[in-house]
Amino acid sequence: MKEITFTIDPATGKLTVHIHGIKGPSCTEYSKMVEDYLGKAPESENTAEFSAKVQNVGRVRS
Amino acid sequence: MSKYLSFPDIVFADKWTLVKALHDCGYSVVEEGHNLPLFGYHGDQRPETADVVVRRTWIGSVSNDLGFAKTDKGYTPIISEYDRGSRLGEDFLVKLRTNYSLRTIDAITRRVRGSSTRTEESGQIKIRVRF
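Protein chains in written order, with our numbering: chain A, 1 to 62; chain B, 1 to 131.
Hints are not guaranteed to be accurate.
As the list claims (entries may be wrong) - Ranges of calculated distance between the beta carbons of each label pair, as one might list FRET restraints:
1. B:Glu48 <-> A:Thr5: 21 to 29 Å
2. A:Glu29 <-> B:Phe39: 20 to 28 Å
3. B:Thr117 <-> A:Thr28: 42 to 50 Å
4. B:Asp9 <-> A:Asp36: 27 to 35 Å
5. A:Asp36 <-> B:Thr117: 21 to 29 Å
6. A:His20 <-> B:Glu48: 38 to 46 Å
Derived from the structure by calculation, the hints contain no laboratory data. Backbone N, C-alpha and C fix where the C-beta goes; we use that ideal spot for every residue, glycine too.
In isolation and in its complexed conformation, chain B is listed as follows (with noise of 0.2 Å):
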């Protein structure tokens, strides 16, 4: 039985924007509500709980349930070891971050009702809003 994983450095402060970066990673069904129980791979509960949700169904056949359980400074990813050396990817949670941070950018942008310009300068995506 493969173990959960917490990651409470890794923080998602907003849950709606949460959602829609695990759309931008291809999880469209996200389970949202309150001490939700999470499953393993052969449909047994876990002791572990979370708040939103995406269903191994999402994921893949022998996959178990990735869960983000809420802290007082967000939702913090509870993932299990098997999926995330499998079938997530060891950069499951990189391309997450990146896709939370895009979707805070267009965010913001829209709140300032500026524009927005992308570029790359060393590695790094550079976003400039103005506004």
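The shape of chain A in the complex, shown without the other chains (with noise of 0.2 Å):
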């Protein structure tokens, strides 16, 4: 399942979010949508699912 985490500081306001359950970088897909609201890319980090390629499985007619 994917998860988008908002992290906010109440002390500023400040926004952070974090994308898991992504794999390979569609996630920048997610990350330009809170881009659209923030006017910048949100603070995020790249972790192993960001590198991982996604396999095209294709169909099998019998």
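Since each chain comes alone in its own frame, lean on the hints to assemble the complex.
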């Protein structure tokens, strides 16, 4: 399951974002969604999931 | 005459979300336009202009207009030094940023058709959106 964790520091109102469970660079799509609201890219880290290649499994017809 | 302070490092990229966040802060009447004049508490027009404005009427009897000017990245606040220290409060921008963040999270949750849970951890507000 995909997850986005938002952390708000109540002392400053600052928002940080962490994206989980999305393999490959497609997590950039969600980062861009957040950037549209924040005006700048959120603080995030690219975990091993970001570097994982997404495998396309072809359909097999019998 | 209280001077206006600008905060170029604080950016609210989405105008609709900013307006909603201002509502959440208790300012239900928000004017939108382009290069709107700002007025001080004497009714004097100030040299600064803004594109989203809360008129002083809605802030307090001796307040100045509150403005947000459009920049390349979004809307940045223009607040009178007096109001920041009194009527609005020193933590007004913190409250506004927090409300803006919460509205942003709501909007993203709807866009991804996810569900969210909110907790507090080490004094921080954590909202997890699963989809």
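Hint-by-hint comparison with the structure:
no.	hint	in the structure
1	B:Glu48 <-> A:Thr5: 21 to 29 Å	38 Å, violated
2	A:Glu29 <-> B:Phe39: 20 to 28 Å	43 Å, violated
3	B:Thr117 <-> A:Thr28: 42 to 50 Å	25 Å, violated
4	B:Asp9 <-> A:Asp36: 27 to 35 Å	19 Å, violated
5	A:Asp36 <-> B:Thr117: 21 to 29 Å	24 Å, holds
6	A:His20 <-> B:Glu48: 38 to 46 Å	43 Å, holds
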